[in-house]
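> Sequence:
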Amino acid sequence: MNLSVRQIATFVEVMRSGSISQAARTLGRTQPAVSSTIGTLEAEVGFALFLREHGRLTPTPEALYFLEECEAILDRLDRTKRALGQLGALQRGRLRIACHPAASDFFLPRLMTGFLQDKPEVDVALIMRSSAVIEDLIASQQYDIGFAETPARRPSIHQTDFDLECVCVVPKSDPLAQAAEITPDDLDGKPMAILFEEHTTAVQTEAAFVQAGRRFNKRLELRTFLPGIQFVEAGLCYMVCDMITAYSHVAARQEARLAIRRFAPRVGNSVSILAPGYATQARLARSFAAHLTEAIVAMQDEVAHALTS
58 MNLSVRQIAT FVEVMRSGSI SQAARTLGRT QPAVSSTIGT LEAEVGFALF LREHGRLTPT
118 PEALYFLEEC EAILDRLDRT KRALGQLGAL QRGRLRIACH PAASDFFLPR LMTGFLQDKP
178 EVDVALIMRS SAVIEDLIAS QQYDIGFAET PARRPSIHQT DFDLECVCVV PKSDPLAQAA
238 EITPDDLDGK PMAILFEEHT TAVQTEAAFV QAGRRFNKRL ELRTFLPGIQ FVEAGLCYMV
298 CDMITAYSHV AARQEARLAI RRFAPRVGNS VSILAPGYAT QARLARSFAA HLTEAIVAMQ
358 DEVAHALTS
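In case it helps, the numbering used here puts the sequence shown at residues 58 to 366.
Everything labelled a hint here was simulated from the structure, so no lab data went into it.
Quick caveat, the model's predicted, so the values are computed rather than measured.
Check before you lean on any hint, since a few could be wrong.
What the hints assert, rightly or not - Taking lysine-lysine and the DSSO-like style, the derived pairs with C-alpha atoms no more than 27 Å apart in a straight line are: (1) Lys229 x Lys176; (2) Lys229 x Lys247; (3) Lys275 x Lys247; (4) Lys176 x Lys138.
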């Protein structure tokens, strides 16, 4: 049996209107065309759907049952059309996002809030993991978008890299808050918070002190920079940290007790937007990645302004 949507829609309209002629007018077709469609449908199902007596059509009991099925089919088709329209307009779908700790506290949630505001039918799975774990989640296609520190390139991952500048955070009341730029000379022997020694920012920061012939006083070793912000606010230490952590406090207007200043020599911290390399990315994921790219550029501008204020 090979039924067409046209046959089903024509049958439903004939049942609703009660006559071939009225159904033809409603459908914008000729009466012979509607009669032919009904005849073809009856031939396809193998039994009569209407009794034809004295120029009138009387539905058979089978037609009454078939009407329920046809209406359910058309209703499902309408819902499918709406869903496809919403997918095309990025109003429906599912996003699976994996984010590293620095961006999970404020940066990414704020971006997602704006992105999802007009998309009530979009579902999101968001997890925070280390950058190394995110790399594997994306390579294995378990997540659509990853935001992490830049990994080594591999064919199973498509990545867009951003070379961000680390900044120095000091207490607002500290004399160094008045400096336009902070160097190892300024921080000679002062207590510092730093990431674990294998991290690239820790290596670069300590190397800057060594090259300047200044003493690097590592008081606090951290897994992420987020708790270091509180230690700096309390006057326990100074910290050269990634831009995203600093930005979270600039954007949230929590920087009243902190000053954010440029550190020289430059310490870099590269981050990347990651996507599976062996899969076609959904339009919704591509749209979110574009929003994330715009947000990273805007963040750099905002932090650049904070460095001079």
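> Can you name, in rising order, the numbers of the hints this structure does not satisfy?
1
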